[in-house]
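Starting from the known structure of chain A, arrange chains B, C and D on it as the hints suggest.
Residue numbers (the numbering used here), protein chains in the order written: chain A, 969 to 1155; chain B, 2 to 301; chain C, 14 to 200; chain D, 72 to 445.
Think of the hints as simulated: they come from the structure by calculation, not from any bench. Source: prediction; values computed, not measured. A couple of the hints might just be wrong.
[Claimed, not checked] Reference listing, derived: stretches of chain A covered by chain D, where coverage requires no fewer than 3 residues with Cβ under 8 Å from a Cβ of chain D:
| # | segment |
| --- | --- |
| 1 | 987-1001 |
| 2 | 1035-1042 |
| 3 | 1045-1057 |
| 4 | 1099-1108 |
Where a beta carbon is used, it is the ideal one built from N, C-alpha and C, also for glycine.
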Amino acid sequence: MIDKVKNGFEIRFPLYKLVREQHNYLHVKVDMVSAMDAIVMAKTSLGHNVLQLISTVDRIEDGVFQITWILENYGACTVLLISADFPRENCLVPSLSQIWPAASAFEREIFEMYGISFPGNPREGEDFLLESWKDTPPMRRDFETEEYAMRVFGERQPREHIDPRQYVGDIVGEWNTPMGRKRKEEK
Amino acid sequence: MFANFSSIALTILGALTWGLLLGGISRSVTARIHGRMGPRVTQNFIDLWKLFRKTSSIHHGGMFWMAPMFRITGAICVLIMVPLVVGQNITYNMSFAGDVFLLIYIMFFGCLGMALGAGNSGHPYAVIAVSRGLAQMSSYELSFSIAVVAIAVGLHTFKIEGIVAAQQAGITSWNIFRFPFASAGALLAFLPMQMAYPFGIVLAPQEIPIGPPTEYSSRMLSFMFSGRALFGVAKLILFVSLLFGGASSWLGLFVKTFLLYMYPVVVSSVFPRFRTEQSIRFLWFIPTTLALVDLVRVML
Amino acid sequence: MYCNQPPEKPGNKKELLEKITNMARANSLWVTAYGTGCGSIELRPLGTSRFDMERFGIAMRPTPRQADVLIISGYLATKTLKRVIRVYEQIQDPKYIIALGSCTINGGMYFDSYNTLNVLDKYLPVDVYVMGCMPRPEAIIDGFSLLMQKIKDGRAHGWKHYKENLDYYRENQKKIITDWDLPDYNW
Amino acid sequence: MGVNPATDPKKTTHLFFGPQHPGVTGNMSVEMWFDGDQITKAITHVGYLHRGFEKLMEKRLWIQNFPLVCRICVPEPDINEECYAMAIEELTGIEVPERAKWIRTLVLELARLAVNLMAFGGQGGTLGLGTAAMWGITFRDFVLDLFEELTGARIYHIYIQPGGVRRDLPQGFGGRVEKVLEKIEKRLPELDRLVLNNAIFKLRTQNVGVVKPEWIEEYGLVGPVARGSGSVRDVRKDAPYEIYSKLEFDVVTESGNDIFARVMVRRREMDLSISLIRQILSKMPQGPVATKLPNLTEWRVPAGEVYSRVESSRGEYGYYVVSDGSLKPRRVHVRGPSYVHAVPLLERMLVGANIADVSNIMVSLTTCPPEIER
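For reference, chain A alone in the conformation it holds in the complex:
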């Protein structure tokens, strides 16, 4: 089953990169221009017509966002992951909300978490998970969550630190170790 999908990609997108392959699992990487064509092809002619997830990985060292669309074929229970790299600056990714109504929610979340815009999504910009967020989008790699938490929520009270060796020594060792016996004698 998955061979058919692979053949489809080989014919249509000869430059695709194979990331991972199993008997019911295929992960391919295409360039950003042909991502939409690949998704449409997977939906219309390869039978992978269910959108499960749109995910993003921030590859800050390469200066790209890797967007992954996870498509499923319910009949054969096979998964197809299509990835594409988009430049990190002013990132614009085509929206799928006209094809799958469920895509709108995923895209709203990604807009909030990464600041990636999906032109064509009618509900983009509505609050989804966060409310009135003014900082860097939180899921970007250059957002430091601990520093932010310290700044906004304040430092939490430091925990009372107990050195286990000393703690146990106070209870047990006082009588059983040479030091303890000595201390006892001194008392």
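Okay, now just chains B, C and D, sitting in the frame of chain A:
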């Protein structure tokens, strides 16, 4: 005159106590059906005192404050018009000829006052609940009224005292046996009156938390609770007088009201709610038809 | 009109009456049905036959107007904090807060999260903390009995503290809720 | 620009359903406009439980994430541990011993049974049948007792780890599981009579909250929601993980499309879980239960990307895990089944629904907010 007033005061106090106690027992019974221990029997008194002593800073206009008073007034009116125990004149309070009609009106009146006050609170859930409640009330009042009229016509009296007196010739002379269809209709209408499930659409906590009293708190809520307790007892006594031959002794009154009170409690713990239109359809068809059957039989 | 005035400062009440009332308050705690976090999953078994909180007069009320206790069942996201403040201020006096879980005490495992509070005490006056992640129903009952004891002794006045130090709490709350659009004090 | 008829303030009422609302599943809210009793528009608001898990996971070691993942789904945490552990095993190639696989399946099925008990009773609870909710949660406590014995915790177990499970079953555990199953089986018919044979329950649930079969592929519906509409999709059967290929079972499916069909699916899943647990207990082999892991503080998972799938009580659960070969994961994206159920599907289903059925529909989809927001 003084004896009359003191007996009225005693009636109200006694009814409040008995109503709260019944509420506590019913909570225990429901808990046992759930498989739990349940609260203390006196829990409702504690709740009432706590609510009474809570501060309140909510204000939604004059009608908002009036609503629990309407309810209490309605309850008290019903209570002092129904004779409690047959043969003891002191418990007859203000019984007079033709009081059946007034009773039906006054029972409606308390609920209408509630509706006005809850509507004034401006909370959308309260408004939804009021519209649901009034729709349902107009349908159960119909069957209840027809049932009462059937009984009254059959016994040739519009006085509760007369209705009770006509049932004193042994158990078979009770109206529930003489007018079985009208009684069935009235008893079915008793469930929505007590807001028991499956007719609990007014106070549905999972849909409209929790209906008309949404905005009521502290002292207002305590008045509303006592109003509900009083009204509950008033309705019980009315039903006992209408259908179950009245009470010939204090013990009989307690036993009969207790058993009658447990009927909606048990029914409501094994049924989910109707939707508004389902509830109205049910009430328009089944209890009304049943009551009409007896009315027609009596008329012929 | 009514929400923009500062709240009245509570005065001293008559002693004996207050004592009797405190007994009633302790034995009839009504809880707002608001599951603010994951700890609310243990509130459901609390109502069933094994734990049965109704024995102690604890009952769930669907609306804050009729409740006495607000249970903060776990971490508070900033978006929830706004709603919780609103709910808390709508509860009529006297009112109490029980906070469940380690994450309300000092942030717990979410100490570096960008969206959860670290120390709940800065934003709302907590009467009883129940530790654990998540606290067992027995622990929650223990917390309730502690609160009952505090009420009986007349020591549970978090609500008084909140009214007297409203400025301090407001300042902290407004630091987190950047788009503050609530009334200054909503009753 | 005319006024949208669905939100016209002159004709419709604007209402917030939640988050402080006893009928809402967890901490989420639905903003809705309604005309009379009919809802004209609904918008789901989530994010009240957003803890930034995916960000926190990037800041923790691979093994430190196990306490985090289980908190993504409160009623059924094991599914997250399983899914995350499967992804790590796929990336590193760690072999899971045979007995560990059986124990994992046992734990997953026990958790599924517990959740279904709660959801089955809870469906009655939303309609005012408090007795059913109380009984369901009481029966669930028996299963939680088993978890407590096995893992030490009632809710968050942190029992599954990469390459096996944390510890072996205690002595005589199978017998106690069997006892609990018998106890539940004995009492389930009573719950059935209360819920499924109840005329008013049927009246409230049949032909209400219809999920059309064509929506399944349009929205990507999974689990009981899809199976209540005639789908036969179950990851346990279609892409078997652990030892599901060695167990005998049929996928539960109903064709009613409505809430009652979904309730029936959950009810029959309970029977299925009980039968699966019995099969597991009778066939479980002996052997080790965990592979030795390297030094966990310096454990580098090889670079790679993997999407692992598990069937939870609410449907397919997916973890998209990306590793860049460092000490910490690069990205863990959790795809909970409630995501599409609670946001796009609920918004669509509520249009035209009665206001009395909102929480009814919501509970029938078993929306679980923490897995949407993470």
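Hints broken by the structure, by number, lowest first? Every hint satisfied by this model.
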